[in-house]
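I would like the entire structure built from these sequences, with the hints used as guidance.
Order-wise, the sequence lines are chains V and X. Count the first sequence with this note's numbering and you get residues 1086 to 1610, in order. Count the second sequence with this note's numbering and you get residues 1086 to 1610, in order.
Keep in mind that a hint or two might mislead.
Since the list gives no way to pick out one identical chain from another, each pair is judged satisfied if it fits inside one copy or across any two copies.
As a list, the in silico DSS-like pairs of lysine-lysine whose alpha-carbon atoms are at most 25 Å apart [said to hold, decoys possible]: (1) K1248 to K1387; (2) K1329 to K1220; (3) K1491 to K1145; (4) K1387 to K1145; (5) K1248 to K1220; (6) K1227 to K1255; (7) K1491 to K1191; (8) K1366 to K1177; (9) K1491 to K1565; (10) K1565 to K1396; (11) K1145 to K1391; (12) K1145 to K1396; (13) K1220 to K1387; (14) K1391 to K1491; (15) K1387 to K1191; (16) K1145 to K1220; (17) K1366 to K1220.
Treat the hints as calculated values from the structure; they're not laboratory data.
There are 2 protein chains.
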Amino acid sequence: MSMCILSLSIAVSSPMAETDSLPAALPRVETINRLPKVDLSAYRHTLPVHVAIAPSPLSKEAPPESYRGFVNLGMLLLFGNNIRLIIENYLKYGILISFPGSSVSKGDWTYTALTHIILPLNVLIAFSLEAWARKRAIGYRKRRSETIPQPGAVAAGDFPDPKLTLQTTKRLDASARLEQSIVGWLHALNATAILVWPSIVTYYYIFHPFMAMSCVIAGCIQFFKMTSYALVNHDFRAAYIFDKPREELGHVAKVHSDSVQVTNEEVYQYDIQYPDNITLKNMSYFWLAPTLCYQPSYPQTKVFRKSFFFKRVLEILTCLGMMYFLTEQYATPTLRNSVQAFDQLAVASLVERVLKMSTTSVIIWLLMFYTVFHSCFNALAEFLYFGDRHFYRSWWNAGNLQTYWKTWNLPMYTFFKRHAYLPMITSGVHPLVASIIVFTISALLHEVVIGFPTHMLLGYAFAGMMCQIPLIAITQPLEKWRGPASGLGNMIFWVSFTIVGQPACAMLYYYHWTKRNMDASASSV
Amino acid sequence: MSMCILSLSIAVSSPMAETDSLPAALPRVETINRLPKVDLSAYRHTLPVHVAIAPSPLSKEAPPESYRGFVNLGMLLLFGNNIRLIIENYLKYGILISFPGSSVSKGDWTYTALTHIILPLNVLIAFSLEAWARKRAIGYRKRRSETIPQPGAVAAGDFPDPKLTLQTTKRLDASARLEQSIVGWLHALNATAILVWPSIVTYYYIFHPFMAMSCVIAGCIQFFKMTSYALVNHDFRAAYIFDKPREELGHVAKVHSDSVQVTNEEVYQYDIQYPDNITLKNMSYFWLAPTLCYQPSYPQTKVFRKSFFFKRVLEILTCLGMMYFLTEQYATPTLRNSVQAFDQLAVASLVERVLKMSTTSVIIWLLMFYTVFHSCFNALAEFLYFGDRHFYRSWWNAGNLQTYWKTWNLPMYTFFKRHAYLPMITSGVHPLVASIIVFTISALLHEVVIGFPTHMLLGYAFAGMMCQIPLIAITQPLEKWRGPASGLGNMIFWVSFTIVGQPACAMLYYYHWTKRNMDASASSV
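What follows is the structure in structure tokens.
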């Protein structure tokens, strides 16, 4: 370094000495000006290009580098790989799709239609029950208020016999409580019927699994809706008959909403009060609305946006078409080719099949999610001026499986939280026990939704859901270990859920389905 | 809303009225305290869960949402898809690799070894030339300084005849210039010989393309190194003979570095000055150093980090193994299966093959890049205390093809910039013309490196490189159109370069290679 400075100082001093020594013909200013006018065509190759000590960008010592480009490359490779698989599939199979529904038998159509027609009947029964209970409640309240001293009566000094009043009230209350129980049990019967009826019809009379599934799922939704309707009105009725002040309800709501973590500051107040909410119009609204939780009123939007509505409808049609195409063209051949691997229990082939299936199944699943939870629910909500469109949260960023289950299906989650988890917690049940109970109910319903339509109550769906509890216990500490920014928890979620879990389950069911139906057709021949 | 507030005010006022009207048995404080003590087991189902108007997270109206989870899913799918392809490949082919080099003939080994042995001879010739020129330059400078008045002589009044001095100087200068030219031409001959010799040997005597390529690439590197050595020393010698002040060189460097945009403030000053740099040791250092640009001295590191060096060596061995495995196990079968598609010109099959090839080829290419530009060069640099490790920049984030060509291979880029582009610019050539000339030279060399070893001078490599000029012209506005953050430019870069360009070229060459060798073996039978 010192040598460098030395040579620099020599370089600076020597030309000045030289110009000083030249004959005085040239003025000083010119000599100074001459210096920068270097002939650039000479000595240009001597330019120093290696000028400093610096690490390579990929070295540990280098400053942090962006690898965004590699993410882009990855996405392009994924895209390219799948375009290739589409071409490969086309070269191998041509076009496989047929007209949707052409493979469905006439009997299937009839029974499916019948099951769906039953649904409004179930609603009418629930409403009739409620209307009857309402009438009784008004009566009770009236008679009960007559036994209790009125403010006006007190002022006039017209006291009834307190002992007599207490007896009358007690008798009335006991009678009302009995009726409350009866109404409750009748509601339970009505709700259970709509869960059992489609399951039985499906199991015995509908062959096509997708047709059957539409019946069972509709039954389940109906079951949840009617349960919520009955429970909410049961509580309202009790408050109405026994004349509980409204802020007690408000207080319960506040306590609950603290656990639910409602975002708005004020607790939402219903616009309609019991018994005014027991109308056919109010019930029909709830029946159609994209929610499983009954409320006398919901936050309402002011306008119906036509373009928004039609965009969602277009999305539904497009996504349904895509899902149908993906199922027929990609999922079915892969599933068909997996049967042999299952038969031989060839591990490498099985893994290969599951991985081949994973891309198709994850895309179908994402389309299904988008169609139902975004397009359908938003279209329906827009049509009904239903304000709260939180049908899901950003579950795709879930760092553990619990977050996923809490965010992907909010109608279901809210139902279980409102009508099962929180009531259990406030009754003193341990949160873990309450969670396990909720997961068990959910697992049973998953088994119903998959087992009955496929006519195979194998318990895989139940087991898959029950596995979520230990998986949550594993993924939660893993997420914390590396921090949410690492994406490790999210990766584990995706792997367990969409890469391995779903395609493996689809294959298991397809295998058993094929075996059963092949054996059946073989024995019939 | 007003209705809601109204009902709230009723709810607030009515209980107070009621408690006021009760018999005075209970004190006021107690009645107030009683209110919050709600029996939580009742009315719990009435909790409002839909409390506000809110859009769905995927709606346009919703606040911006993170989709990080989908990127994770994409990466996992890519990984899963390729694990699947590995299993598929294994099930189809088993293990394909053989001992490396077992397919190389004895003649190939001999000629390859011979070519590599020639390289130091070329260095020795270049050095001898330089050493001779140095001796002559010292002589010229001495005789020239004798003809020019010395500061001491001027002071003593001992003036030589100015006319005679000018004549002598002119004659000396002309003679020196002639010798400069001769040395220049001899250097050019020597450099060209090392480019031509391996190409010819390769073309006529070495069958195995990878063995042949090692010879041609070594020749090219040698050609660049010797050219740089000759050009830099030519300029230094001129400055030395004609006694140009050092800061004129410094000024040229400064002007150049303004265009090069050197990051450090000061222009780097060489530690060694001409003619002291003309030593065998100095030349050997340059010959081995990971650069194509000769400098009398380079920024030097202070310590040799053993662990760093051995890590790089381990990386080289691992990456070479992986590249060999990928080539034998994945690239070769894909290429082999593409021949039929080429023969039939089946477009769908060809696209499928190119896309199948793309993942393998991009991974091999990335490994090659890492092995050569990171591991090899860093190991070599560490061994030689070579400080400037900028062998590449973050080209993977390149938003257009120009950025890519400027950043992926800095030794090459720096060579062309220092010894071709900047000298042309400073001579008044238009930058676009200079760029086209540089790309043409580069394209010719690409053709040499690929055409001679494969014995097929088809012009694809030349055409591929020449295509970069219009591609740059297209990608630059596209990058600006959407902004660099969109990643559009980067996507186009990856598609054109690694997804389509490289695998398509590999297939073209493989096809012609197979046809040529199959035809040859067919005609010999």
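Each hint tested on the structure:
no.	hint	result
1	K1248 to K1387	neither (54 Å within a copy, 103 Å between copies)
2	K1329 to K1220	within (18 Å within a copy, 113 Å between copies)
3	K1491 to K1145	between (40 Å within a copy, 23 Å between copies)
4	K1387 to K1145	between (58 Å within a copy, 18 Å between copies)
5	K1248 to K1220	neither (28 Å within a copy, 133 Å between copies)
6	K1227 to K1255	within (15 Å within a copy, 130 Å between copies)
7	K1491 to K1191	neither (40 Å within a copy, 68 Å between copies)
8	K1366 to K1177	neither (55 Å within a copy, 65 Å between copies)
9	K1491 to K1565	within (18 Å within a copy, 42 Å between copies)
10	K1565 to K1396	neither (40 Å within a copy, 32 Å between copies)
11	K1145 to K1391	between (56 Å within a copy, 15 Å between copies)
12	K1145 to K1396	between (50 Å within a copy, 12 Å between copies)
13	K1220 to K1387	neither (33 Å within a copy, 95 Å between copies)
14	K1391 to K1491	neither (32 Å within a copy, 52 Å between copies)
15	K1387 to K1191	neither (44 Å within a copy, 86 Å between copies)
16	K1145 to K1220	neither (78 Å within a copy, 46 Å between copies)
17	K1366 to K1220	within (17 Å within a copy, 109 Å between copies)
The structure shown violates the earlier hints numbered 1, 5, 7, 8, 10, 13, 14, 15, 16.
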